[in-house]
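Engineer: Residue-level listing of the chains:
2 protein chains.
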Amino acid sequence: MSIQFIEGGVTAAKGFKAASAAAGIKKSGKLDMALVYSETPCRSAGTFTTNRVQAAPVKWDRNQVYSGDPAQAIVINSGVANACTGEEGMGYCADTVEAAAKILGIPAASVLVASTGVIGRQLPMDKITGGIEMMAPKLGGTREDGASAATAIMTTDTTKKEVAVQFELDGTTVTIGGMCKGSGMIHPNMCTMLSFITTDICISKELLQRALSEDIKGTYNMISVDGDTSTNDSVLLLANGQAGNAEITDEADEGYALFCKALNMVNETFSKAIAGDGEGCTALFEVKVVGAKTLEDARILSKSIITSSLTKAAIFGHDANWGRIICAMGYSGGEFDPETVDLFFESKAGKLQIVKNGVATDYSEEEATKILSEPVVTAIADVKMGECEATAWGCDLTYDYVRINGDYRS
Amino acid sequence: MSIQFIEGGVTAAKGFKAASAAAGIKKSGKLDMALVYSETPCRSAGTFTTNRVQAAPVKWDRNQVYSGDPAQAIVINSGVANACTGEEGMGYCADTVEAAAKILGIPAASVLVASTGVIGRQLPMDKITGGIEMMAPKLGGTREDGASAATAIMTTDTTKKEVAVQFELDGTTVTIGGMCKGSGMIHPNMCTMLSFITTDICISKELLQRALSEDIKGTYNMISVDGDTSTNDSVLLLANGQAGNAEITDEADEGYALFCKALNMVNETFSKAIAGDGEGCTALFEVKVVGAKTLEDARILSKSIITSSLTKAAIFGHDANWGRIICAMGYSGGEFDPETVDLFFESKAGKLQIVKNGVATDYSEEEATKILSEPVVTAIADVKMGECEATAWGCDLTYDYVRINGDYRS
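Respectively, the protein sequence lines represent chains A and B.
Going by this note's numbering, the first residue of the first sequence is number 130, and it counts up by one from there.
Going by this note's numbering, the first residue of the second sequence is number 130, and it counts up by one from there.
Mixed in with the good hints there might be a few duds.
One copy or two, it doesn't matter: identical chains are merged, so the pair holds either way.
In the PhoX-like style, the derived pairs of lysine-lysine whose C-alpha atoms are separated by at most 25 Å in a straight line are [as the list claims (entries may be wrong)]: (1) Lys485 - Lys188; (2) Lys188 - Lys513; (3) Lys231 - Lys390; (4) Lys417 - Lys513; (5) Lys513 - Lys334; (6) Lys480 - Lys390; (7) Lys159 - Lys480; (8) Lys499 - Lys334; (9) Lys485 - Lys499; (10) Lys485 - Lys513; (11) Lys267 - Lys401; (12) Lys401 - Lys156; (13) Lys485 - Lys401.
Honestly, the hints are just simulated from the structure, not real lab data.
Isolated chain A (complex conformation) (with noise of 0.2 Å):
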């Protein structure tokens, strides 16, 4: 029953095809455009921003999601963002839709949208059904035609970000794969996290969505860059049922538990590579909350510490400052007693506890700082409340973060 993590991303399952190309959205000559595809019709699943305003794609998924249509294609645009939350943007998601229905033949109702840029531009319609014409003749399978859509989907991100994991079930090989994109911008707008998840398991809707919605509490919602929630962010999976498995429509099926399991894999690591190329950031910030009271204290205490602008600073600076952890716990809302919490930092270059039942132990600020200087850093405070625990992933605030975002429009 184990899980393997193995080389791909949006094309790795059974059936799942993908393309991109460069429609000329992006003023760069980049790519702009990726189009992921399946052979047959798939359930679908999705989670959204909670954002109170949200663009137009996220409203028109949410419609696909719900409707319990068939979902079969998914085009996305890098250059601009539909961020219009009217009848205006609605209506480009329909032309969207439309001009990919008929170019691939395949239902209008079975076609998502993405869309994640610039704000405040029109979309170019011309320019995004010129690209959705150059891209369905070279939709493939391989491990390219996976990776060049994962390259296009970006903005301001570093690296692109693609996972895969397997399992046997029923004696057949399940594959779970997927591509996202962090927080960036090309242009100051608003940052976008966007996640395609592509599988192949023969499962019932109802069941993947239980199993998205459950799984991104754990992980895409204990990510922050900067505590700005996007009014695009959207995961969408894809399940086609070409691995063949026997369907599972019990969450007491353990076909259910592992493809959960596998799932979270993905998803942890998509919200570990979206922290860790934050905006302007040198380290992925990663901050364990153990023997909590309740699993949700440790996810209100960690998320409150990765999210605290002076201790993102101070990660930035190497400096051990549990001041400013101790003080993001306590304003959280989670439960905690200042007074028996124990803090230990920790990453390749070792580990050292720092406080102790609340009072700083008599730790070497040189051992700190060695260990505060690698790229992954992980924070362990044990609140000995309890068996629950979390993790959240942040990352440092930089100099970096304030010229992306302070630097006027040019």
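Given chain A, put chain B in place with the hints provided.
Structural biologist: Relative to chain A, chain B alone:
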């Protein structure tokens, strides 16, 4: 019934004296202690950080205020934060109070304490005691005595913060004066907002506390420099009754309304001063939300905007990035409809409508940049749902914020 700003600070009200000292707690040799003293016993009121982790002086002062005992002096040091939460920290408070009571010849139960500065260092009790001995004979009620105390409580504040107001009541003159310090640090530690207000009004202790507790909701609680709620934040208000007005004991008394209004002028001035002197900032960023359904909605929406890192970085870049503002309103939890919101930017350089009914107007980027290049910038969001409004104050996010908080302790 008009209330006037007058020149002055913590010694402006009758019977209040202050002194300062360079007690050698700050390595720089700068002023690092202040003493505020009333000739006669005062009624005290206070509001304190809601952080679960509370520094010893916060616990000490809360006990004093709640006890109902008269208060007569406040001993403040700006060198070491005494952020310890346990018995050790409380021991330092007790030692400080005992020393001050003995030197000043007043009951220990009437002495309040406040600390800000480096954490993780022991409070040097010999220097604290030495400082009190230096200050006691120097206590004076002049303009300069107040100013030197306001200077002594600064950490990385770039300007001292004082204000005083006066109004007539029952044919007598009532004065409220005060001093405060903002979020600054001389070493990486927890930031601290401290505010000390003195008045000669005669008012019941209950109404004194009620006036303060109500007022902070619209003043100090509406500011943010970096979203981190300190463990030391305190506002202390002392009233010695020397103005000679008939004691205010009824909330319906018009003198109470007048006092509340005057207190608000003091606290709002301080709130803007603290936000406008936020670490590394170049601009005071004021956000007014008008037309909200409830006061609570207006406060949630305006505070979310001034707390958004992305918006703060845009203000630093003089960038009219309305998308980030609407986005921050969206995730705040406050009620509004993104499709009916109007948004304006205003400063000394003019006023410009950026968004009308959720859609960008055809505004001039050049004019917007001009308006946003002033040291005080206001954004006004009209959500057109009701009659309630609120204002929040923040500052821009700059390279210097990262430098101040990211530089390794050296």
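Engineer: Give a verdict on every hint.
Structural biologist: Consistency of the hints with the structure:
1. In this homomeric assembly, Lys485 and Lys188 come within 25 Å of each other (Cα to Cα) only across copies, at 22 Å, whereas the closest approach inside a single copy is 48 Å.
2. For a Cα distance limit of 25 Å, the shortest separation of Lys188 from Lys513 across copies, 24 Å, qualifies, whereas the shortest one inside one copy, 43 Å, does not.
3. When the C-alpha separation of Lys231 and Lys390 is checked against a cutoff of 25 Å, the pair qualifies neither within a copy, at 37 Å, nor between copies, at 67 Å.
4. In this assembly of identical chains, the alpha carbons of Lys417 and Lys513 lie at most 25 Å apart only when taken from the same copy (13 Å versus 43 Å across copies).
5. Taking identical chains as interchangeable, the C-alpha atoms of Lys513 and Lys334 are never at most 25 Å apart, the minima being 40 Å within one chain and 41 Å between chains.
6. In the homo-oligomer, the alpha carbons of Lys480 and Lys390 never lie at most 25 Å apart, since the shortest distance is 28 Å inside one protomer and 55 Å across protomers.
7. In this homomeric assembly, Lys159 and Lys480 never come within 25 Å of each other (Cα to Cα): the closest approach is 42 Å inside a single copy and 38 Å across copies.
8. Within a single copy, Lys499 and Lys334 get their C-alpha atoms no closer than 48 Å, and across copies no closer than 53 Å, so neither meets the 25 Å cut-off.
9. For a Cα distance limit of 25 Å, the shortest separation of Lys485 from Lys499 inside one copy, 20 Å, qualifies, whereas the shortest one across copies, 52 Å, does not.
10. Taking CA atoms no more than 25 Å apart as the test, Lys485 paired with Lys513 passes inside one copy only; the shortest distance there is 11 Å, against 52 Å between copies.
11. Neither within a single protomer nor between protomers do Lys267 and Lys401 lie at most 25 Å apart by alpha-carbon distance, with minima of 31 Å and 59 Å respectively.
12. In the homo-oligomer, the alpha carbons of Lys401 and Lys156 never lie at most 25 Å apart, since the shortest distance is 30 Å inside one protomer and 42 Å across protomers.
13. Taking CA atoms no more than 25 Å apart as the test, Lys485 paired with Lys401 passes in neither setting, with 28 Å inside one copy and 39 Å between copies.
Comparing the model with each earlier hint shows violations of hints 3, 5, 6, 7, 8, 11, 12 and 13; every other hint is respected.
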